[in-house]
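Protein chains: 2
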Amino acid sequence: MSNVQLDHLREEMDKINQELLKSISKRANIAKEIGDIKEKQGVPKFDPVRENKMLEKIISLNDGPFEDGTIRHLFKQIFKASLDLQSKEHKKHLLV
Amino acid sequence: MSNVQLDHLREEMDKINQELLKSISKRANIAKEIGDIKEKQGVPKFDPVRENKMLEKIISLNDGPFEDGTIRHLFKQIFKASLDLQSKEHKKHLLV
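So the protein sequences, as listed, match chains A and B.
First residue of the first sequence: 6, per the working numbering; consecutive thereafter.
First residue of the second sequence: 6, per the working numbering; consecutive thereafter.
One thing to keep in mind: the hints can contain errors.
Since the list gives no way to pick out one identical chain from another, each pair is judged satisfied if it fits inside one copy or across any two copies.
Claimed, not checked - The list that follows gives simulated cross-link-like pairs (lysine-lysine, DSSO-like), each with its CA atoms no further than 27 angstroms apart:
#: 1; residue 1: LYS58; residue 2: LYS93
#: 2; residue 1: LYS50; residue 2: LYS97
#: 3; residue 1: LYS20; residue 2: LYS50
#: 4; residue 1: LYS43; residue 2: LYS96
#: 5; residue 1: LYS20; residue 2: LYS58
#: 6; residue 1: LYS43; residue 2: LYS20
#: 7; residue 1: LYS93; residue 2: LYS31
#: 8; residue 1: LYS93; residue 2: LYS20
#: 9; residue 1: LYS31; residue 2: LYS97
FYI, nobody ran anything at the bench for these hints, they're computed from the structure.
Please work from the sequences and hints to get the whole structure.
Rendered as structure tokens:
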């Protein structure tokens with residue numbers, strides 16, 4: 006019985022992994038678009054005030070099971086990856 | 006014009022952040038359920054073979070813009086947070 010349950014939960018988890026991948030990728034594409042606009046405006050891409058606002062909004066919506074600190078950590082990693090991507094894109098543009 | 010565009014992209018980003026929070030939390034709840042079953046079965050919660058399979062499946066579906074290595078890193082952080090949560094829950098059970 007439990008193994009059927011396990012298989013079912015693992016299927017659900019695989020689906021959520023795919024949803025997460027989609028959302029993370031979609032988020033990265035939007036971050037790139039924002040980066041391009043900022044690039045044209047000559048505005049720095051890293052905006053700690055906006056990043057903090059985003060984080061606080063996310064934390065305010067957190068009902069668990071992860072603690073706020075864990076959610077903060079995970080999203081900071083996602084933010085950082087997006088920023089790294091924007092910098093890489095910028096360097097690519099410079100090299101072309 | 007660009008600021009209207011920026012505002013629009015930021016709204017989209019806020020929506021995706023919320024989707025991500027939901028998916029990450031849903032995933033954590035499923036991981037907890039899996040942990041509970043394994044607990045009852047006396048099976049170790051960390052299963053590197055299953056974790057690797059999940060990662061490879063996710064990577065095989067990655068169309069960018071993040072590189073595979075970045076996706077791997079982000080998901081490993083999510084996996085680790087889930088495992089930490091399972092251990093904490095286990096300790097809580099032991100203390101009750």
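Do the hints match the structure? See the list:
In this homomeric assembly, LYS58 and LYS93 come within 27 angstroms of each other (Cα to Cα) only inside a single copy, at 25 angstroms, whereas the closest approach across copies is 29 angstroms. With identical chains, the CA atoms of LYS50 and LYS97 are at most 27 angstroms apart within one copy only, with a shortest distance of 16 angstroms there and 43 angstroms across copies. For the identical chains of this complex, LYS20 and LYS50 are inter-copy neighbours only, at 20 angstroms across copies versus 33 angstroms inside a copy, given an alpha-carbon limit of 27 angstroms. Taking the closest pair of Cα atoms, LYS43 and LYS96 come within 27 angstroms of each other only inside a single copy of the chain (15 angstroms); across copies the shortest separation is 47 angstroms, beyond that limit.
Taking CA atoms no more than 27 angstroms apart as the test, LYS20 paired with LYS58 passes between copies only; the shortest distance there is 14 angstroms, against 30 angstroms inside one copy. Taking identical chains as interchangeable, the C-alpha atoms of LYS43 and LYS20 lie at most 27 angstroms apart only when they sit on different chains, with a minimum of 21 angstroms there against 35 angstroms within one chain. In this assembly of identical chains, the alpha carbons of LYS93 and LYS31 lie at most 27 angstroms apart only when taken from the same copy (17 angstroms versus 32 angstroms across copies). When the C-alpha separation of LYS93 and LYS20 is checked against a cutoff of 27 angstroms, the pair qualifies only between copies, where the shortest distance is 25 angstroms, while the shortest distance within a copy is 30 angstroms.
Proximity of LYS31 to LYS97 under the C-alpha cut-off of 27 angstroms is restricted to the intra-copy arrangement: shortest distance 21 angstroms within a copy versus 37 angstroms between copies.
Violated hints: none; the structure is consistent with every hint.
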